[in-house]
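Colleague: Place chain D on chain B using the hints.
One line per chain: the protein sequences are B and D, in this order. Going by the working numbering, the residue at position 297 of the first sequence is 294; the numbering climbs one at a time, nothing skipped. Going by the working numbering, the residue at position 337 of the second sequence is 334; the numbering climbs one at a time, nothing skipped.
Don't take every hint at face value.
As the list claims (entries may be wrong) - Covered, in the sense of this in silico footprint (three residues per stretch, anywhere, with C-beta under 8 Å from a C-beta of chain B), are these stretches of chain D:
(1) 49 to 60
(2) 211 to 225
(3) 229 to 242
(4) 273 to 283
Claimed, not checked - Simulated restraints on C-beta separations:
(5) B:Val336 - D:Pro60: 48 to 56 Å
(6) B:Glu85 - D:Arg134: 46 to 54 Å
(7) D:Arg43 - B:Ser214: 53 to 61 Å
(8) B:Arg87 - D:Glu120: 40 to 48 Å
(9) D:Tyr295 - B:Gly88: 17 to 25 Å
(10) B:Asp213 - D:Arg159: 36 to 44 Å
(11) D:Pro64 - B:Asn35: 35 to 43 Å
(12) D:Leu91 - B:Asp213: 14 to 22 Å
(13) D:Gly158 - B:Asp213: 51 to 59 Å
(14) B:Asp215 - D:Lys89: 22 to 30 Å
Stated by the list, open to error - Result set (EDC-like, lysine to aspartate or glutamate): computed pairs, CA atoms no more than 16 Å apart in a straight line:
(15) D:Lys175 - B:Glu327
(16) D:Lys3 - B:Glu131
(17) D:Lys89 - B:Glu179
(18) D:Lys178 - B:Glu179
(19) D:Lys89 - B:Glu180
(20) D:Lys236 - D:Asp213
Hints listed in this document are in silico derivations from the structure and should not be mistaken for laboratory results. Note that beta-carbon positions come from the ideal geometry of N, C-alpha and C, so glycine has one too.
There are 2 protein chains.
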Amino acid sequence: MPELRKDPIIGRWVIIATERAGRPDQFTTRPHEGPPENDCPFCAGRESQTSPEIYAVRPANTPANTPGWEVRVVPSIAPFLRIEGELERRGKGLYDIMNGIGAHEIVIESNKHVVNMADLSEEQIARVIAVYIERMRDLEKDTRFKYVLVFKNQGWSAGGGRVKHSRSQLIATPVNPKRVKEELVGARHYYEYHDRCIFCDLIKQELEVGDRLILDSDGFIAVAPFAARFPFEVWILPKKHSCDFTSMDAGMRLSLSSMMKKVLSKLEKGLNDPPYNYILHTAPFRRAKAGYWKSIDYDYHWHIEIMPRLTRVAGFEWGTGFYICPLSPESAAKFLREVEVNEDASYGTK
Amino acid sequence: MPELRKDPIIGRWVIIATERAGRPDQFTTRPHEGPPENDCPFCAGRESQTSPEIYAVRPANTPANTPGWEVRVVPSIAPFLRIEGELERRGKGLYDIMNGIGAHEIVIESNKHVVNMADLSEEQIARVIAVYIERMRDLEKDTRFKYVLVFKNQGWSAGGGRVKHSRSQLIATPVNPKRVKEELVGARHYYEYHDRCIFCDLIKQELEVGDRLILDSDGFIAVAPFAARFPFEVWILPKKHSCDFTSMDAGMRLSLSSMMKKVLSKLEKGLNDPPYNYILHTAPFRRAKAGYWKSIDYDYHWHIEIMPRLTRVAGFEWGTGFYICPLSPESAAKFLREVEVNEDASYGTK
Chain B
-2 MPELRKDPII
8 GRWVIIATER
18 AGRPDQFTTR
28 PHEGPPENDC
38 PFCAGRESQT
48 SPEIYAVRPA
58 NTPANTPGWE
68 VRVVPSIAPF
78 LRIEGELERR
88 GKGLYDIMNG
98 IGAHEIVIES
108 NKHVVNMADL
118 SEEQIARVIA
128 VYIERMRDLE
138 KDTRFKYVLV
148 FKNQGWSAGG
158 GRVKHSRSQL
168 IATPVNPKRV
178 KEELVGARHY
188 YEYHDRCIFC
198 DLIKQELEVG
208 DRLILDSDGF
218 IAVAPFAARF
228 PFEVWILPKK
238 HSCDFTSMDA
248 GMRLSLSSMM
258 KKVLSKLEKG
268 LNDPPYNYIL
278 HTAPFRRAKA
288 GYWKSIDYDY
298 HWHIEIMPRL
308 TRVAGFEWGT
318 GFYICPLSPE
328 SAAKFLREVE
338 VNEDASYGTK
Chain D
-2 MPELRKDPII
8 GRWVIIATER
18 AGRPDQFTTR
28 PHEGPPENDC
38 PFCAGRESQT
48 SPEIYAVRPA
58 NTPANTPGWE
68 VRVVPSIAPF
78 LRIEGELERR
88 GKGLYDIMNG
98 IGAHEIVIES
108 NKHVVNMADL
118 SEEQIARVIA
128 VYIERMRDLE
138 KDTRFKYVLV
148 FKNQGWSAGG
158 GRVKHSRSQL
168 IATPVNPKRV
178 KEELVGARHY
188 YEYHDRCIFC
198 DLIKQELEVG
208 DRLILDSDGF
218 IAVAPFAARF
228 PFEVWILPKK
238 HSCDFTSMDA
248 GMRLSLSSMM
258 KKVLSKLEKG
268 LNDPPYNYIL
278 HTAPFRRAKA
288 GYWKSIDYDY
298 HWHIEIMPRL
308 TRVAGFEWGT
318 GFYICPLSPE
328 SAAKFLREVE
338 VNEDASYGTK
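Here chain B stands alone, though its shape is the one from the complex (with noise of 0.2 Å):
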């Protein structure tokens, strides 16, 4: 069982998967770019070589783990979490611990072998994007989650795996990261001083001042954060207030769908197929019930981080928490804004 074990100083937690232990040679070597890749686990044809599915988008007449689906859940053959157990709590002298109960899944996006998120149609990205809602509905069911967090890891110096073929990931969390909260608590502080929601003033002052916008649609804007920490960071924000993912509606999932294919489609083009991390923010689970969250239906914004993955985070990042981003967000937002992509062309290695 991985342990959750909590930092005493600062408060942060960590997943420690103590069943490899007395494996620390494998640290002493690191793989780079993996083979080419003749017999990937997540095309379509090959659904026993994963484990057996949590979900898929197929027609009713297709049985589970057979061909014909058009998205797949699978949970994590390797996950940081584990679904099954109880969520005991302990402390150890000074330390706090806690069971690695949580639940990690893949969602694959395709049943080709396509490999950038942004080589797939619109219409594909809104189906990956309804099943995130549909797993973070049901993940929420689970009285011992907090938090779900859906995010991907888009080439090697992202923190993606051999495979190659597009897929992101949901992890549940018994606890609320320490980072959500941040976000959470920096929202509400605002809120309550101002009477407005910081990132609607965001968007608001980005929309007037034109210089880190990249793409203004019906529903959505891509900007360059004012604060970006790394090259080429983009945030997509709904323009609506709402500080829940999952309330979005066909319309808008659509919506989104197209901004993400413009925004990836910019990066993959513009960056000649950069690794990249994305992460949605958005509210953490039965917020209404949380006394503490009360007011987050009007001072929290979901929105999705995406971050390319071109510089290294060395020491001074890690000793400060400050991070030192070497082009600023003005002018990466005007070279994004001057790639052109055509909507139905596709610019990845396949």
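Modeller: Below, chain D without anything else, positioned relative to chain B:
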């Protein structure tokens, strides 16, 4: 002039190097290991290839910027922050900005082409420590600065440069960095409740339990921290309470140097010369005058955190502040305890 920009939501400052604006294409490819070095600018005899020295340990009869030195401090040729100018603080709509005032210095740890600090003699490491203290005391006189971070980026994946000569860095910042504050606040909360220093309690517990202890000397212990973020993370702490690294006397400096050499040699030999960062955690400047930190002499405890960079940090860590450590600190400590190192030997590639 680089700018400090504050993320309005979670209060994280970032450094934006705006003068590099307009060169977004530099991020599209990444070099890995650099070429072998035949002309290292940090070796004795090539003093003219660096910026003029700020400080050096050298005989009184040798002029600056000539051979004869044992440790040499020069300004970074690519400083994240600039020493010249006023610390102008300003707003821009909802955003906060500050000029990127600071200092960024390189401590060249040997006049010979040694790559890894583990391969320096204990006496030489003690000289480097004395130089850190000397530079920290000098930078503290500049009232624009609130903190100085001393750190090392060893090896490419740890953010090290293409030139491999062993060196560390000092960066003085005009704000107390977020992570430093978090640690100070965490330590103060513990002290307020228990009337004891959390680090002193931690040392006591680690000495009693023993399974995370790596080395125990007269003045210092080396432990794998309970909530390690990275495999083989090691903390070195002085056993006698002190919040201030610069208060060490010559005996303590030699004792620390001996501990550093042993720990770094174990990492070098046991993990085959891994990339790593180390970070000095010590009290901010002029703490006595900053009423807010009045208790810090009692509640904070300086230490060094060493983080081998053998795993990749991906979307989950960025999104949550949760780290996933795939090796238990108990296994890491056992492994490192068993790596035998000869104090006189050199293990690294020179």
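Colleague: When you take the CB atoms of Arg87 of chain B and Glu120 of chain D, is the distance between them in 40 to 48 Å?
Modeller: Between Arg87 of chain B and Glu120 of chain D, where Cβ atoms are some 46 Å apart, the hint holds.
Colleague: Given that the stretch 49 to 60 of chain D was listed as covered by chain B, double-check it with a C-beta distance under 8 Å for 3 or more residues.
Modeller: violated (count 0)
Colleague: For the hint 48 to 56 Å, verify it against the beta carbon of Val336 of chain B and that of Pro60 of chain D.
Modeller: Holds - the Cβ-Cβ distance for Val336 of chain B and Pro60 of chain D, about 53 Å, lies within 48 to 56 Å.
Colleague: Is 22 to 30 Å respected by the C-beta to C-beta distance linking Asp215 of chain B and Lys89 of chain D?
Modeller: holds, 28 Å
Colleague: Just to make sure I understand the rule, a stretch counts as covered if three or more of its residues have a C-beta closer than 8 Å to a C-beta of the chain. Does the stretch 229 to 242 of chain D meet that for chain B?
Modeller: violated (count 1)
Colleague: Decide if the proposed pair is consistent with the structure: Lys3 of chain D and Glu131 of chain B, CA atoms, cutoff 16 Å inclusive.
Modeller: It is violated: about 35 Å lies between the C-alpha atoms, which goes past 16 Å.
Colleague: Please test the hint of 14 to 22 Å on the beta carbon pair from Leu91 of chain D and Asp213 of chain B.
Modeller: Cβ of Leu91 of chain D to Cβ of Asp213 of chain B: about 19 Å, so the range 14 to 22 Å holds.
Colleague: Just tell me: holds or violated, for the beta carbon distance of Arg43 of chain D and Ser214 of chain B against 53 to 61 Å?
Modeller: holds, 55 Å
Colleague: Take a quick look at whether Lys236 of chain D and Asp213 of chain D sit within 16 Å of each other, Cα to Cα.
Modeller: This hinted pair holds, its Cα atoms lying about 9 Å apart.
Colleague: Taking the CB of Pro64 of chain D and the CB of Asn35 of chain B, does the distance hold inside 35 to 43 Å?
Modeller: Since Pro64 of chain D and Asn35 of chain B have Cβ atoms about 58 Å apart, the given range 35 to 43 Å is violated.
Colleague: Hinted pair, alpha-carbon criterion (16 Å max): Lys89 of chain D, Glu179 of chain B. Please report holds or violated.
Modeller: Status violated; Cα separation ~23 Å.
Colleague: Do the alpha carbons of Lys175 of chain D and Glu327 of chain B lie within 16 Å of each other, as the hint requires?
Modeller: Roughly 25 Å between the alpha carbons, so the hint for Lys175 of chain D and Glu327 of chain B is violated.
Checked against the numbered hints above, the structure violates hints 1, 3, 11, 13, 15, 16, 17 and 19; every other hint is satisfied.
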